[in-house]
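Number of protein chains: 2
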Amino acid sequence: MVYNTSGGIVPGKLNVHLVPHSHDDVGWLKTIDQYYVGSNNSIQVACVQNVLDSLIPALLADKNRKFIFAEQAFFQRWWRDQSEGMKITVKMLVNSGQLEFINGGMCMHDEATTHYIDMIDQTTLGHRFLKEDFNVTPRVGWQIDPFGHSAVQAYLLGAEVGFDSLFFARIDYQDRAKRSSDKTLEVIWQGSKSRGSSSQIFTGAFYAGNYEPPTGFYYEFDSDSPVVQDDMDLFDYNVQERVSDFVAAAISQANVTRSNHIMWTMGTDFNYQYAHTWFRNMDKLIHYVNQDGRVNALYSTPSIYTDTKYDLYESWPLKTEDYFPYADRENSYWTGYFTSRPALKGYVRTMSGYYLVARQLEFFSGRKELGPTTDSLADALAIVQHHDAVTGTEQQHVANDYAKRLSIGYKESEEVVATALGCMTQASTSECKSLATKFMQANAPELSCPLMNISYCPATEVDLSRGKKLAVLVYNPLGWKRTEIVRIPVVNENVNVRDAAGQLILSQLIPIVNASIANTKFYASAYLGKSSNVSPKYWLAFTAVVPPLGFSSYVISSDKLGASVLSKQLLYTFEWSQSSPIEIGSGSLKLVHSGINGKLMHYINSRSMVNISLEQSYSYFTGYDRSADYQASGAYVFRPNGSFPVLSEEKVPLTVFRGPLFDEVHQMINSWIYQITRVYKEMEHVEFEFEVGPIPIDDGFGKEIVTRIKSKIGNNKIFYTDSNGRDFLERIRDHRTDWDLQVNQPIAGNYYPINLGAYIKDENSELSVLVDRSVGGSSIDDGELEIMLHRRLLYDDSRGVAEALNETVCIEKKCLGLTIQGKYYVRIDPLGEGSKWRRSFGQEIYSPFILAFSEQDDEWTNFPTHTFSAVDPSYSLPNNVAIITLQELENGNVLFRLAHLFEVGEDKDLSVMATVDLKRVFANKKINKVKEMSLSANQERDEMEKKRLSWKVEGSNTNERKVLRGGPVDPVKLAVELSPMEIRTFIIEFN
Amino acid sequence: MVYNTSGGIVPGKLNVHLVPHSHDDVGWLKTIDQYYVGSNNSIQVACVQNVLDSLIPALLADKNRKFIFAEQAFFQRWWRDQSEGMKITVKMLVNSGQLEFINGGMCMHDEATTHYIDMIDQTTLGHRFLKEDFNVTPRVGWQIDPFGHSAVQAYLLGAEVGFDSLFFARIDYQDRAKRSSDKTLEVIWQGSKSRGSSSQIFTGAFYAGNYEPPTGFYYEFDSDSPVVQDDMDLFDYNVQERVSDFVAAAISQANVTRSNHIMWTMGTDFNYQYAHTWFRNMDKLIHYVNQDGRVNALYSTPSIYTDTKYDLYESWPLKTEDYFPYADRENSYWTGYFTSRPALKGYVRTMSGYYLVARQLEFFSGRKELGPTTDSLADALAIVQHHDAVTGTEQQHVANDYAKRLSIGYKESEEVVATALGCMTQASTSECKSLATKFMQANAPELSCPLMNISYCPATEVDLSRGKKLAVLVYNPLGWKRTEIVRIPVVNENVNVRDAAGQLILSQLIPIVNASIANTKFYASAYLGKSSNVSPKYWLAFTAVVPPLGFSSYVISSDKLGASVLSKQLLYTFEWSQSSPIEIGSGSLKLVHSGINGKLMHYINSRSMVNISLEQSYSYFTGYDRSADYQASGAYVFRPNGSFPVLSEEKVPLTVFRGPLFDEVHQMINSWIYQITRVYKEMEHVEFEFEVGPIPIDDGFGKEIVTRIKSKIGNNKIFYTDSNGRDFLERIRDHRTDWDLQVNQPIAGNYYPINLGAYIKDENSELSVLVDRSVGGSSIDDGELEIMLHRRLLYDDSRGVAEALNETVCIEKKCLGLTIQGKYYVRIDPLGEGSKWRRSFGQEIYSPFILAFSEQDDEWTNFPTHTFSAVDPSYSLPNNVAIITLQELENGNVLFRLAHLFEVGEDKDLSVMATVDLKRVFANKKINKVKEMSLSANQERDEMEKKRLSWKVEGSNTNERKVLRGGPVDPVKLAVELSPMEIRTFIIEFN
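Residue numbers (full-length UniProt numbering), protein chains in the order written: chain A, 1 to 991; chain B, 1 to 991.
Just so you know, these hints were derived from the structure itself, not from any lab. Keep in mind that the hints are not guaranteed to be accurate.
[To be verified] Only pairs whose alpha carbons sit at most 30 Å apart, straight line, appear in this in silico DSBU-like list of lysine-lysine: (1) B:K87 <-> A:K87; (2) B:K63 <-> A:K87; (3) A:K947 <-> A:K131; (4) A:K91 <-> B:K63; (5) B:K91 <-> A:K63; (6) A:K63 <-> B:K63; (7) A:K919 <-> A:K368; (8) A:K63 <-> B:K87.
Hey, can you work out the whole structure from these sequences and the hints?
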């Protein structure tokens, strides 16, 4: 029996585009490698190797068959294993359009908990592979599973990578109902106000809210859909019935879709493990449905579907903002995952910043063909952007696997960093390029300290009293000069800090409390399998001044007197009420705590004249169990069952440390929350450092911990949160722009993802909070901002992960609930002045100083280069621009990305066109050629602009005002202009 | 990565023969077609189409890979669908030995509940296809799943089809332990005492008691065995660990196996649905295990394994008798399935006999190329021999499917029969061959009555009082003349029966009781969706005399007087004890019932001088639930929990009908058992007709109903049961020949399958019981024989079928427990004289008269041919020989099988060489050529004899006495000799 699948599109009929696909999670219930090789099947029967192995012969069997493949992390694993003959076959299938790469990143990244730089990096990794090995540039965004959809996805990872369309499944159930009723599931989405019409993309939300076929048309080997039984010699012949069901399902979908083209996503999670079963049945469906003639069925792809829709020359409704938060039904808001696994989220953010640094240094010292590279970190970071990775919605063993990959990547990148810094202190960067890795490693400083946040850093815990010295290299990955406080743990009391010129500089010592040391030992043992013998006694803090893209060096030594200033320590117990308030901060910013109960009361900035009452507290939600409607709070879903303040009515003793550089307030809020409030003399924000955990569960309740910042700012339900660390979007409590919201979860339904920060404002002031990782947050009451810091839950939330989100840390048999340590930053500005801090300090949070240490007897301090900057000594990047990529490619060219950090109208000084002088950025190099590329660097920008489909928006006129954009780069002047929110990507060829 | 799989056998090393296979049940939890196309996957993920589709490319990918395929019912379904190109490819794979057909029947037939004629037929069907399409003769018996193994399997369906070896998994757990300890899992099995050394076959019982790989080496797509992960770039590399596990498993098996060759069965139920997953992993295992070098692994087949074992020139231990009963653990005797689904078992047996008839008539009237054929019945019967079909161990919907197939096959064969008889009454058989089917159908008689057993037969229920007549054709499929009572339901009282010559003959009327009519209406409605308007009033019985392979005709008419004798009816209620016994039987045999309580007391045969006390009763076992060791009584397992007599102490009223042809005793034993005891004037056995059901379950207990025949015969624990209706095997209660039996189930563990009958004996007499279908039975106490008639159970017995064996019959919503109607036959002979009756009457039970009816006004009785016999009028087959196959093949040749019915020494007159004169059997034909074939007719007998491996038996000398065998057939004399128990198969070419 030969089936006729060659009909293609038939005008005038309802065309059902069958799009064969497999949704292959880059880790979820199993690790990526388990999914690839098909091991651990007792958890889930899934083997991506089988998908690809079985797909190729299935495509070869009928040239009309098509398939789309998304996740390059899997594809690359498979590709490495293939013979030359198979590679030729696959290329043929790609060239003929039978096999189409879609989305094309390493994974289908999450859109809520990811930073835009990570999204760009992981997409670039996949896109460049496809370009190099297949000469292919993916055309379609395929974010079918992520749990809500971000504006940055639409305009940056959509429009700016050259996609012509974007498809996904999950939007809020109320939104879906509305869009179904008025046929607006398919829209033109404008993701950025600043980038306007150039940020638009045709976007389709799937009909059924999932990425699966209509009920009854699943054809995985183990599906229980009725197969098309067309053998008259056998029992259960069912062709008429299957055809009628097909037609009915098609008509039902057509009723909510504009035009006579609909798409059926023929596949689901880890399908096509034996591709033949799908194609066998789809061949029959196409054959018999077309024979029937009521509708027309064809093998298709989202590209074909997109072109078909485009060719209709119709106008489509406009959609702005984003698709957050996502609820799949009443009381089921997927806003818990914004915070789930905060340790992993923190690790990912730290590694993201580190990857940027490591690539810079790899470039300065020259990428080594054999030596260590940043590639394994690139790969690990790419994978962990997956929508069941950084989201925290994977099983525990899979979370461990991600962390392990990051750790391996970090270790290798750390070698890159250490050898580069080692060499750069000994020789010029151009010499480093030609020096052998061996030489460089011999001269490398001690490695940096990834566990320094818990004061574990053997490199600095050397006994300086015996005449040793500790050299500290401080690297600044940003394009502007920075002056910041550096803190390291030390064991000695009488220490000095000298700069590279040998001058003593001001430094401050803060005692490390015993409780903290116990914690350090436990976590160091748990993570490293060992702990230090010595315990650090103090944090030593000093001010480091570091040039752009460069390093400074400092030397710490000990003598009997010691120049470092020991902080003054004062304890306030409030056992006897004292009337006078406690004030901290020795610079412009002062915080006032109540003298009666120690609570934060007031924020005063004498420079900006902000004087405002401010409270800060902790609360927790108890997670809903499954008693009522089976919707527990879990890894995905935030389903609070009451909010409880953490000791907010109690008097919490304060310990205050005062010193010349900063003041600290230590508070043991309760037995499982410890907080340090820090005010730097030279800075105008408050730094809150918290330790939360182990969250107690012995009362049988899971808990989700939030911190609340409370002011009198009259924000009238309006607050702002960032999209993937980039554009800020306006949020209105209990309100959606696109439909009339039925409120059933007044807290969870108002949570939004936060990657950079959030703020509220009124006519006078704006209150901003910046975060050090992805979190969820909201403004539940006017004047307030709340951030969820940690979650520990006892029930699975029935979305497949099949585990309660109950993270523990174990040493042998002893397990404790995971403690989270982190920081958030608060500042209040006069109205209109907050964005400067949010943007530039936000960038500094993302790219902290990187430290390297070398214990020396006396020699190392004599290294030839004490200080370094890659840029012209008289140059600095403008304050509104960041280098977000500086990476030497395998061919020696450099991938270079600049990002304007401000939106249109955000800041009166900085929301303007900026210019970067490439010649001075690469002061010591000779630029041969600069090519501007698409965001993912897989095609030239011009070419992309030419190809991209230009969609018509309902009610708009095509001659609308052009969006401001930097001009072309003059090959002689080499100045790059950036308009607000613009990101420009270049491949630079040096001589 | 290319894996080296080419090493083959390495002498001196332990060789692990990896045998890739899929065990594909021809129906079990799903129907055969559901299994084939992969529908109904919610019950079981199984798709044989996928197995074969995916297998071919997997074999093509590496010429060292091998696969064996058994079930031709599946293979033929697939083969029909393949393109010419694919067929060429598959033939190439078969020719190269990569794909080997094993066993080769349509299914892997059961060995307990199957009749040997059915086993032969279904094997022939598969083997002839393989011969014709592939020129292949399977070499190995592969009965890996059946639940115990029969002697007939070994010697008939093994040695006589030319197999060189036989393999299976399931033997008693105690037997396995013993055989493991003394390395006798592999033996030479001599299945027949009569056929002696020529019935021997090399037989291997698998090491682990299943047909699966060692734990940890399952590679189905959904297996959770650890895949061999040899990609160093991925996590979880495990080659060393997998190799070590492999070596350990191999050594463990080698420790209980003779020689350094062991077989691993690489597959299990419905495996290789994506064959690639198995081969991918086995490639790696072979590669790395051989690289390791401790043992040698290779792709192999049972044929290669057999040849390897043979080439060792070793002697093997001898095994006689069979492998029944089978227990897989303590208290788990698989002896329930001997009786499970007695209605299906009865239907199968009836259809088996009918198929033999239909083929005879198809041959006589000429096989029609277009018209109806017997092929669909052949196919249905073949499939239902499967070890989860006739066994009764399938799910209910699957049992329904089998019945439906039989019914469809029956309907088509009935057309063959009706048109053939119609034509043969109108014209000569040679004319019938050339007449058009249309003509023949126009003259066909009314169809026969498959529900006649419940007195539903519209064809005979015509009102003869209006001058109509009813012609009855009586066909005798046996080779000897028979005189037997025929019974049909009629609506008139005053009827006459005349023979073909117009002579009135003696006939007898027995009233049909009202209860029976209600039952008839219910079952007719349930099975046919309709019921008759008229109710028959009487059974009309008369004596039909029919020539060999021929028919006689009788005419029934009505007149006011009516010649038929109405039986005398007498009711005995025993309310007032009467002293005189009640005697029935007007010929040699008399039965005496007690005058006090009506119970059977005595059996008296005045001719043979047997005068013996005899009791008969019903009892039931309550099925064990799952309370103790989770072993319930179920479809497979018989696990009784106490035995309870059915009213044995009560007085059961008797109704006696006496007439000139036979006497009947009717007893309503209880509300759900009705019994008729029948003694024919001219016969010397007792016929018990029973109706059992609906078995009550409202007390919460499942029940298994047995009938017990109790005598004073001192059989001293010894009894005899047949093997698949052929050889009788000696059974000793609580004893096994091969090991020292630990008795844990004194009833279930002594049950054996019965297809023909069972008997016990002492120095004086033998008591025989013959059955009308497959049942289980035993002799639990000396002097007794018991037969299990029906089972209704409330728990699944945990062997996979996942349903309780609780058969019901429904009309709309009204469901009743299934009632079983059937017969068994009892006779007592002087010692040494029983076999004559058992063998020849047993054959008559298998091949009853077939009736056809024609309602006529007066004309039909004038048809030219009133009587017919295919054989020479002066000829009859010897009493010890039966024609078990007479079938016109598609090429016009005839497949002809003769079976000697007696064992060596069984009867002083009949256990001798017999001769059949082919010329007189085919009186009206001219035989051109006679070729003697193997049993399955797929090769010439000589050729088979030459090829078959001749194994050495431990302690025996090779020059032992030759087994008696019929000599070659002289092409002129055309006389076929048959020695005891010999079956000879011929292809006859007529002119």
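Going down the list of hints, with the structure as the test:
This hinted pair checks out: K87 (chain B) and K87 (chain A) have alpha carbons roughly 29 Å apart, not beyond 30 Å. For the suggested pair K63 (chain B) and K87 (chain A), the alpha carbons sit about 22 Å apart, so the restraint of at most 30 Å is met. The straight-line distance between the Cα atoms of K947 (chain A) and K131 (chain A) is roughly 16 Å, inside the 30 Å bound, and the hint therefore holds. A threshold of 30 Å between alpha carbons decides the hint, and for K91 (chain A) with K63 (chain B) the separation of about 27 Å falls inside it, so the pair holds.
As the CA atoms of K91 (chain B) and K63 (chain A) are separated by approximately 27 Å, the hinted pair is consistent with the 30 Å bound. Under the criterion of a C-alpha separation no larger than 30 Å, the hint pairing K63 (chain A) with K63 (chain B) is consistent with the structure, at around 28 Å. In summary, the hint linking K919 (chain A) to K368 (chain A) is supported, as the alpha carbons are separated by about 25 Å, within the 30 Å threshold. The hinted pair formed by K63 (chain A) and K87 (chain B) meets the criterion: a straight-line CA distance of about 22 Å does not exceed 30 Å.
The structure shown violates none of the earlier numbered hints.
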